[in-house]
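Protein sequence lines, in the order shown, are assigned to chains A and B. Residue numbering for the first sequence follows UniProt numbering, beginning at 1 and increasing consecutively. Residue numbering for the second sequence follows UniProt numbering, beginning at 1 and increasing consecutively.
Bear in mind the hints are in silico, worked out from the structure with no lab data behind them. Please read these numbers as outputs of a predicted model, since none were measured by experiment. Ideal placement from N, C-alpha and C gives every residue a C-beta, glycine not left out. Since no wrong hints were added, every one of them can be taken at face value.
Using C-beta positions, here's what the derived DEER-type ranges look like:
(1) A:304 - B:44: 39 to 45 Å
(2) A:274 - B:33: 26 to 32 Å
(3) B:139 - A:139: 49 to 55 Å
(4) B:150 - A:344: 40 to 46 Å
(5) B:139 - A:306: 50 to 56 Å
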Amino acid sequence: MRRMGKIAVIATVAALALTGCGSDDKKENGGSDSAKGPKVGLAYDVGGRGDQSFNDSAYKGMEKAEKELGATIEEAKAAPGENDDIRAERLRTLADAGFNPIIAIGFIYSPAAATVAAEYPNVKFAVIDGYSSTIPKAPLDNLSDLGFAEEQGSYLVGVAAALKTKDKHVGFVGGTHGDLIKKFEAGFTAGVKSVDRTIKVDVQYLTEDPNDGATGFENPSGGKDAATAMFDAGADVVYHAAGKSGLGVFDAVQAAGKGHWAIGVDSDQYLTVDAAQQPFILTSMLKRVDTAVFDFVKAVKDNTAKPGFTVYDLAADGVGYSTSGGFVDDIAEQLNAAAEKIKSGAVVVPTDPAKVK
Amino acid sequence: MNVLRRVLLGLAAPVLALIVAGLFTTLLLLLTGDDVGGFWDTMLSWPKNRNLVNILNSASVLYLSGVAAAIGFRMNLFNIGVEGQYKVAMFAAAVFAGQAWLPGKLNVIAAVLVAMIAGAIWAGIAGILRTTRGVSEVISTIMLNAIAGPLVGYFLAKWGQSTGNSTQTKPIPEESWVGGITIFSDSVTKLYGLSLLAVVVGVLFWLVLNRTRFGFDLRATGSSESAAIASGVNTKRMIVISMLLSGAVAGLVGLPVLFGNSHNYGASFQAGLGFAGIAVALLGRNNPVGIAFGALIFAFLTEQGNLLNIMAGISPDIVAVTQGVIVIAVVIAYEVVRRARTRIEQAAVADALAAEKGAAA
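Based on the provided sequences and hints, a complete structural model is requested.
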């Protein structure tokens, strides 16, 4: 403890040098009592808003909650190289500041949310893509995991890719080679093969290191290299599930030129790319993180939040595909038929690439 | 008087560096139009007890990483590979402990040894390459870092278990957890049992460095390799041994969290501690006490920076900038202080000589 004193001394010296700056009396935002709606804390993983994909979709849901439920939002961003303690502390800080519910974006928060939910029984926690409710020994009634049937949405864009490829050759670019992204690959491949078994599917992950999210999801140049290699090898449709790295896939398809397509992920990416790239975005696999976030905030407000797993699948409109640009309008019939088969249970989409027949 | 001056000169450099870093960060915040007052309010607020415990936990991990780097630095051996070494070692220890071949705490002791051996082997590759093939350890350790990630990823995919969207090694049985030490009764966080490894390593590092022939050889080689060879030091042997030791200590970095919190190797693995350790070692001048000081400062900044987002609406990335500036500033400050000290000493000698002459005349 003596060392702490030393630090304090030095910190104070630094403070003295800066006293002129310390008089600003700004308090934390979100603390006003006048707000009627719920105060929602949103904790992102590294990267945060601006990926035009997963995280932005979560924020879109929050904007809706702000408008329709009068919610106030506080966003907390992660820094690189964190462990569960740092994540847990972020959730605690939000809880201490009076935010309820608290939504953590990304399965990486699962252990931290499980720890903190036990400490704050009156605050509702949700983890997007999470598995937090499997961690505590006794189930907690303030801890929810909001998951998605990514394989179902990916299956549909796989069908679209198979119907659009002229060279019978498509590709998939994944971020990190982990269980989550494998679901996208499995669904996509299954969708392609359901149309024509002879279509070749190239698969490339940006990193084999499951902990290296930076190389996997924040690496547009890596995404561009991977997609360019596929286009060079003769593929003409490439689907990505690689977050911000996917922006590089769009650069690659633009460079490859007419007759080549890219498929976006999570958000409707046709709407966020440059106008010059729009003619190349065939469709996007929609993962309605916005719906999940909004529904959860609303449920907490109405006191109907459900603990444990909630899976947003095709039937619940939790996944799907976008039609912006109108490039899949001519195959809408086949896509609807495939969607109906999944909803009725006639087709069960595999979640493991090894199980795609 | 002399003691006081030495202490003041010793403290001058780090204090100077902190002030420079503080000023630079403030300037940066002013330029980006962020809330400077909120920044300092948050950073300098006294941490809650639970945050103090977090600071101690992360400082002990940083300390281990810093000592691992310092062992090499002390003999001008730049082990940049602590990052890869602790990754490989933590994975090996997690796999080993998860098998539960040994009961209870015996499992922990064996896993600690496994981690040290794994880290030593990974670092030893660079040592052998340097002595037998003259490959710069800077290059080889960087390459080994790049290999470590995919290698561990491959085995994790092969042997790991899936929970939801995450893959991790088989959890360590509860009887082998090294639970928390309660420091404050009102704190929900606890000190990891294996954080105490940092104390053990720190004491051993000091003893070996200052009280053994090996430590003397190490420092001699670092000061002047040719002089060391002339006085009979086998520098090749020294290089391999220091790399092995450095790697063995690096192997300990992941263990406090592994046995105290995560109980498996998986998605929650904390990357970047190896590089942070290099910065901490630089900050602490490769000195056992100095590194502790550096580790605490870094841990303090990171913990407080975590709150910035919520309390002041500032991106926590700014703290990484502050940490970087501290390291650069401290290197410059040490040089400035060293020159000042030389001048003071020269002046003192000149005064003494003048006084002697005066007395003689």
